[in-house]
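With the sequences and hints as input, model every part of the structure.
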Amino acid sequence: MAVHGGPAARDALRALLTGGAPATWLHEPYLPDGITADADGPPTPLPPTQGYQADATYAFDPATAALVDRTHTDALDDLGAADLRTYRARSVDLTMRGGTTSGVVYPLAVCEVARRLRVRNVGGASAGAIAASATAAAELGRSRLAAGTAQQSPGADAVAQGHVHTGFAGLADIVAWLTELDGTTRAAGAAGSAGATGPERYRLAQLFQPARATRRLWPVVTAVMRRRHWAAVPLAVVAFGWRWALAALVVVAAAVATTAALLPGSGGGPGPRTLAALGHLGSLTALLTGVVGLVVQAAALRSARRTRARLLERPGPQRRLLEVTSAVDTPVNRTALGAWAALVVGALAVQGALGVWRGSPARSLLVAVPVSLALALLLALLVGYVAARFVGRSEQVGHGLLSGATRADGAPRPVVTWLDETLSELAGQPGRSLTFGDLWFGDHPCDDELRARAAADPRARLVNLELVTTDLTQQRAVSFPLPSTAVQRERAGTTLHVDHADLVELLGDALASQLCPPGNGVHAQVQRRDGSWAPITVHPLPEPADLPVVLAVRMSMALPVLFTAVRMYRLRHVAGVRDDGGHTLRADGAVLHWPPDGQTDARPVAEAVWFSDGGITSNFPVQLFDTLLPEWPTFGLNLGPHPDGFEHQDVWLPEDWQSGLPPSVPVGASVLGLVGAIVDTARSWRDTAQTGMPSTRGRVAWVRQRPAEGGTNLFMARDTIASLALRGAFAGARLRQRFTTVSPGAEGSPGHDEVRPSWERHRWLRLRVAVRALEEQRTRLTGSTPAYLPLLQPGAGAAAASAPFPQVPKPLYVPEDPRFGTEATALLTRSASPEVVRAAETDSPQPAPELTLAPPM
Numbered sequence: 001m002a003v004h005g006g007p008a009a010r011d012a013l014r015a016l017l018t019g020g021a022p023a024t025w026l027h028e029p030y031l032p033d034g035i036t037a038d039a040d041g042p043p044t045p046l047p048p049t050q051g052y053q054a055d056a057t058y059a060f061d062p063a064t065a066a067l068v069d070r071t072h073t074d075a076l077d078d079l080g081a082a083d084l085r086t087y088r089a090r091s092v093d094l095t096m097r098g099g100t101t102s103g104v105v106y107p108l109a110v111c112e113v114a115r116r117l118r119v120r121n122v123g124g125a126s127a128g129a130i131a132a133s134a135t136a137a138a139e140l141g142r143s144r145l146a147a148g149t150a151q152q153s154p155g156a157d158a159v160a161q162g163h164v165h166t167g168f169a170g171l172a173d174i175v176a177w178l179t180e181l182d183g184t185t186r187a188a189g190a191a192g193s194a195g196a197t198g199p200e201r202y203r204l205a206q207l208f209q210p211a212r213a214t215r216r217l218w219p220v221v222t223a224v225m226r227r228r229h230w231a232a233v234p235l236a237v238v239a240f241g242w243r244w245a246l247a248a249l250v251v252v253a254a255a256v257a258t259t260a261a262l263l264p265g266s267g268g269g270p271g272p273r274t275l276a277a278l279g280h281l282g283s284l285t286a287l288l289t290g291v292v293g294l295v296v297q298a299a300a301l302r303s304a305r306r307t308r309a310r311l312l313e314r315p316g317p318q319r320r321l322l323e324v325t326s327a328v329d330t331p332v333n334r335t336a337l338g339a340w341a342a343l344v345v346g347a348l349a350v351q352g353a354l355g356v357w358r359g360s361p362a363r364s365l366l367v368a369v370p371v372s373l374a375l376a377l378l379l380a381l382l383v384g385y386v387a388a389r390f391v392g393r394s395e396q397v398g399h400g401l402l403s404g405a406t407r408a409d410g411a412p413r414p415v416v417t418w419l420d421e422t423l424s425e426l427a428g429q430p431g432r433s434l435t436f437g438d439l440w441f442g443d444h445p446c447d448d449e450l451r452a453r454a455a456a457d458p459r460a461r462l463v464n465l466e467l468v469t470t471d472l473t474q475q476r477a478v479s480f481p482l483p484s485t486a487v488q489r490e491r492a493g494t495t496l497h498v499d500h501a502d503l504v505e506l507l508g509d510a511l512a513s514q515l516c517p518p519g520n521g522v523h524a525q526v527q528r529r530d531g532s533w534a535p536i537t538v539h540p541l542p543e544p545a546d547l548p549v550v551l552a553v554r555m556s557m558a559l560p561v562l563f564t565a566v567r568m569y570r571l572r573h574v575a576g577v578r579d580d581g582g583h584t585l586r587a588d589g590a591v592l593h594w595p596p597d598g599q600t601d602a603r604p605v606a607e608a609v610w611f612s613d614g615g616i617t618s619n620f621p622v623q624l625f626d627t628l629l630p631e632w633p634t635f636g637l638n639l640g641p642h643p644d645g646f647e648h649q650d651v652w653l654p655e656d657w658q659s660g661l662p663p664s665v666p667v668g669a670s671v672l673g674l675v676g677a678i679v680d681t682a683r684s685w686r687d688t689a690q691t692g693m694p695s696t697r698g699r700v701a702w703v704r705q706r707p708a709e710g711g712t713n714l715f716m717a718r719d720t721i722a723s724l725a726l727r728g729a730f731a732g733a734r735l736r737q738r739f740t741t742v743s744p745g746a747e748g749s750p751g752h753d754e755v756r757p758s759w760e761r762h763r764w765l766r767l768r769v770a771v772r773a774l775e776e777q778r779t780r781l782t783g784s785t786p787a788y789l790p791l792l793q794p795g796a797g798a799a800a801a802s803a804p805f806p807q808v809p810k811p812l813y814v815p816e817d818p819r820f821g822t823e824a825t826a827l828l829t830r831s832a833s834p835e836v837v838r839a840a841e842t843d844s845p846q847p848a849p850e851l852t853l854a855p856p857m
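Numbering (the numbering used here), first residue to last: 1 to 857.
Derived by calculation from the structure, the hints in this document are not laboratory data.
Ideal Cβ placement from N, Cα and C applies to all residues, glycine included.
Among these hints, one or two may not hold up.
Said to hold, decoys possible - Derived CB-CB ranges, DEER-like:
(1) ALA66 <-> VAL814: 40 to 50 Å
(2) GLU655 <-> ARG528: 52 to 62 Å
(3) LEU249 <-> ASP546: 47 to 57 Å
(4) ARG489 <-> GLU449: 17 to 27 Å
(5) VAL814 <-> VAL671: 55 to 65 Å
Here's what the structure looks like:
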């Protein structure tokens, strides 16, 4: 339902952070007077004595902590039936959607889930990758707090500087810092401080600092983000260097000279004439600028009023639902509207006064107006040309504005540095970068065998974190952590390598030097754009367990244009050129090679591989941890706009019996709106379709946002961030309440029974869906199996595997086990009776899913 907005959002957030007051609104609708909602039973309030910033909020009792703090493979091997049921009942997986600054939704949602559940698998893309990594680190930190092995947490002063405590309380610290409530007392029940009440500090925006090569362009972007469009043009003129600024001055000087030559000569010589020319030119330019700004602001205001009028046309009771929202109207800066109007009036007054002074108002206008229009056109062409020139050479700056680790003089920590330190502090190891191996093993000793098992099997990891990025070079989604180096070589023939200079821009010098130690570099060569070759030294990525989590996060959150893409390399050795039949090609008797002979030496070729935002290929990877028959639920936290008619519904958690179609997103009336809808559909259709499937939609919570919330809005007000964070808390509370209802009086017992009707219903749906999909696949196999059975006869498979090309040195994919043929034949020839087929299909949840073979990410 609806969530607080405006100053009330920070008041509600402060109460949740510190505790001391019942937070029943998280479990009951927040509705205006006269509107009620049907309820299945009385709401269950949150414990009033603990807040999100208290470690005790997330602490399990010792017996339960010892039970759940183990890998799934350990649980299957060692636990009895009762303990295994509790282990499963206390487990959850999480996936989160990307959305840049919309990620402020996730911390308190995770805090709510963590009150009762242990996160086993967590993943996401883009901004969801940031939240997923923080969740994994906090889960590790909770385990260390319970074991007493967490290192010293920062003090209150450090928290006010953006540092956090260990565990899930640290996630609440992040929200408090972003909303400028970091002065709030962490003691349970304390009223705390209201935080900053002065000007906005925009702490979220402070984390985003431009790379050195784009530092002068960044003010243009921030001016647009803050809707200060009047400043964008002059900033753009200066942004590309003094030569282009000088060219703009030449254009202005030429316009002044032209105006001075054409103005009437009465009234006192060249000095006054030039002064009048400057006055006319300046006033007319201000007039044109003011008119354009006034039109744009007026159009926005008109659109806002029409939107409000359309919303308030609802019938009487339904209209009151809109009263609970804090931003029914489209945000319009009325101060800016008045400023534009004042600029127009002032320019007209100056123009009239100059005309009277020169004795020819009509001729003055006829001269100054065309010159001002020409000036505006020339400046626009100049800015457009320089911008196009910059875009054409964007590879030189990594195809983006922000590297993530570049820090301006006197500026706070950049986002990647802040994230690296935050993950370390959440995990209870400040001062040491968090690696995937830390999440997999915690403080448990591990040998090579355990490392290899954890790299191959996520079930052998204490906390499994998976982040999605996009390989633009091979046009596919990639999931980090990658497989072990041996598996990478088997699949792709090579591993990924990095250049130290690139990593310095992405992660900072300290972490780059750690990943690129002296002595493990590989001397290679890279082809330039002009076709020439240059030497380069690259370093192989470490084994997955040793890879810093922040590097994978940076690769996943590389939002196009905003962040620079991540460049890595694959090594290719000089190889012979073959035709499509596998035959070697020769020229004048000599074997053809690539790279061509004589242009390179014997060093391998470093082929650039560009990685960009994970949201390009899978912005909401809700399927990451799905199995046909899951042992515990996977919660999804999704983002989206308010559908028409549901503007009051800030959080939506559909039931499994509700429509299988996701909420509709209106297509814009302009061509840009159509293009945006096409792009969003192309990159998200699979994720969107998955969220509407039976047994999926009931575990995905939608958090709705308005146009000025989330997205690339770096300059969100602290009240807006607080409102978004509250929506996340609401969504997390709803998910936890739906799937974990504890039987009364049984809390604290490690083997207590769980009354979870929603989870039982969910498992039943998953069973129906799985049986239907398996039966449909079996039916298809029944018709095609006879054509394949001859291949399973002794010797037939080996002959078929080596048949196509004589150049193949040995038979491929021939199993060594002689039982393969017998067992495969038995598997393919098993069948069910028609009665079983009808039973599987009768009243099956719709739409029926398809069981297919899909490549790994």
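Structure-based check of all given hints:
Judged by the Cβ atoms, the range 40 to 50 Å given for ALA66 and VAL814 holds: they are separated by roughly 47 Å. For GLU655 paired with ARG528, a C-beta distance near 58 Å keeps the hint of 52 to 62 Å intact. As the Cβ distance of LEU249 to ASP546 is approximately 55 Å, the hint placing it in 47 to 57 Å holds. Between ARG489 and GLU449 the Cβ separation comes to about 20 Å, which falls inside the hinted range of 17 to 27 Å.
At roughly 56 Å, the beta carbons of VAL814 and VAL671 sit within the given window of 55 to 65 Å.
In this structure, every one of the numbered hints holds.
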